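S.K.: Sequence:
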Amino acid sequence: MKAIVYTEYGSPDILQLKDVKKPTPKDNEVLIKIHATTVNRTDCGFRQPEYFIVRLVGGLFKPRKTILGSELAGVVESVGKDVKSFKPGDEVFGLSAYNFGAHAEYICIPEKGSIAIKPSNVSFEDAAAVCDGLFLALNYIRKIDFSKNPSILINGASGSIGSAGLQLAKYYGSHVTAVCATKNISLMKSLGADEVIDYTKEDFTQNGKTYDVILDSVGMSSFFKCRASLNPVGIYFSSELGYMSQNPFLALITPLLGGKKVLFPIPKDTKEDIVFFGELLSSGKYKAVIDRTYPLEEIKEATRYVETKQKTGNVVIKVL
Numbered sequence: 024m025k026a027i028v029y030t031e032y033g034s035p036d037i038l039q040l041k042d043v044k045k046p047t048p049k050d051n052e053v054l055i056k057i058h059a060t061t062v063n064r065t066d067c068g069f070r071q072p073e074y075f076i077v078r079l080v081g082g083l084f085k086p087r088k089t090i091l092g093s094e095l096a097g098v099v100e101s102v103g104k105d106v107k108s109f110k111p112g113d114e115v116f117g118l119s120a121y122n123f124g125a126h127a128e129y130i131c132i133p134e135k136g137s138i139a140i141k142p143s144n145v146s147f148e149d150a151a152a153v154c155d156g157l158f159l160a161l162n163y164i165r166k167i168d169f170s171k172n173p174s175i176l177i178n179g180a181s182g183s184i185g186s187a188g189l190q191l192a193k194y195y196g197s198h199v200t201a202v203c204a205t206k207n208i209s210l211m212k213s214l215g216a217d218e219v220i221d222y223t224k225e226d227f228t229q230n231g232k233t234y235d236v237i238l239d240s241v242g243m244s245s246f247f248k249c250r251a252s253l254n255p256v257g258i259y260f261s262s263e264l265g266y267m268s269q270n271p272f273l274a275l276i277t278p279l280l281g282g283k284k285v286l287f288p289i290p291k292d293t294k295e296d297i298v299f300f301g302e303l304l305s306s307g308k309y310k311a312v313i314d315r316t317y318p319l320e321e322i323k324e325a326t327r328y329v330e331t332k333q334k335t336g337n338v339v340i341k342v343l
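Quick note: the sequence shown, position 43, residue 66 per this note's numbering, numbers continuous.
Hints are computed from structural coordinates only; laboratory data are not their basis. Remember, predicted model here, so these are calculated numbers, not experimental data. Note that beta-carbon positions come from the ideal geometry of N, C-alpha and C, so glycine has one too. Careful, some of the hints might be misleading.
To be verified - Label-pair ranges, simulated between beta-carbon atoms:
1) E31 / E321: 16 to 22 Å
2) S306 / L83: 19 to 25 Å
3) P255 / K25: 28 to 34 Å
4) G281 / Q71: 37 to 43 Å
5) E295 / L40: 30 to 36 Å
6) E31 / K291: 28 to 34 Å
7) D42 / E295: 35 to 41 Å
8) E321 / A204: 49 to 55 Å
9) F247 / K88: 34 to 40 Å
10) Y222 / G281: 28 to 34 Å
11) T223 / E321: 25 to 31 Å
12) T205 / D36: 29 to 35 Å
Based on the sequences and whatever the hints tell you, model everything.
M.R.: Below you can see the structure in the form of structure tokens.
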């Protein structure tokens with residue numbers, strides 16, 4: 024099969040389209056022929072690690088797993104002898120969040136892994152484009168008490184995590200302020216944002232408004248910069264470790280002090296989450312946001328575009 028392989032850390036130029044051995048499913052696995060995947064920030068972060076902890080997880084001097092890609096949608100080609108819930112021909116979608124491997128024509132995933140039947144009214148491209156952003160955004164959203172009708176600001180609301188967080192927060196009934204560039208204002212309103220701040224014209228940390236929750240989905244701010252914009256018991260989330268990896272440490276300290284605090288929950292994907300994502304998609308309560316689509320052989324160009332940090336939503340890779 025064809026796959027995008029990297030055997031060392033570095034720029035997008037190290038990504039190579041190669042022929043590799045097609046995987047064979049174990050007794051508890053399904054073999055999926057991938058139709059669509061994505062390039063996301065996680066792929067880029069593991070290909071060229073910015074944080075030392077990534078090397079501890081992914082390989083100290085070179086990558087342990089040589090095929091990236093965490094989101095996928097495709098068709099089950101075969102199943103292991105113990106698999107009961109999937110059969111050949113099933114259209115599926117989901118995540119290979121920590122094992123990667125989706126930048127290829129085929130992938131094996133355990134039956135109990137984070138995959139589910141793809142809604143019939145959703146394209147492979149749309150299905151592939153939602154799981155990573157939703158999975159990461161839900162990690163934060165679950166920590167919010169929506170019974171108190173919280174006001175939420177999402178910085179970087181036009182990105183993959185941000186657009187997912189916006190739609191989830193609206194699904195649960197919150198008032199949401201979206202921070203984005205001028206070109207994405209209309210999109211934010213179409214996704215349900217109650218207010219939109221154009222960061223090219225206004226700094227939300229300086230306008231005097233306060234919020235119960237600030238989700239920095241692009242890691243471009245900090246707790247200290249946002250502190251004055253939080254209500255007295257407000258919560259700050261960030262999708263990044265922050266300067267000198269401060270966010271995990273602040274998450275340990277600030278809850279003990281009372282008042283404004285940082286939370287830094289560790290994401291864990293589940294099959295139940297993917298089923299939930301499918302329900303949101305099929306019911307029309309969630310919209311996939313796709314900026315650009317590239318063929319597999321142009322993944323270097325796709326990766327370079329993702330690294331401009333100017334993408335809106337997701338960048339999809341068509342495999343089939």
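S.K.: What are the numbers of the hints the structure violates, in ascending order?
M.R.: Hints 2, 3, 8 are the ones this structure does not satisfy, whereas the remaining hints hold.
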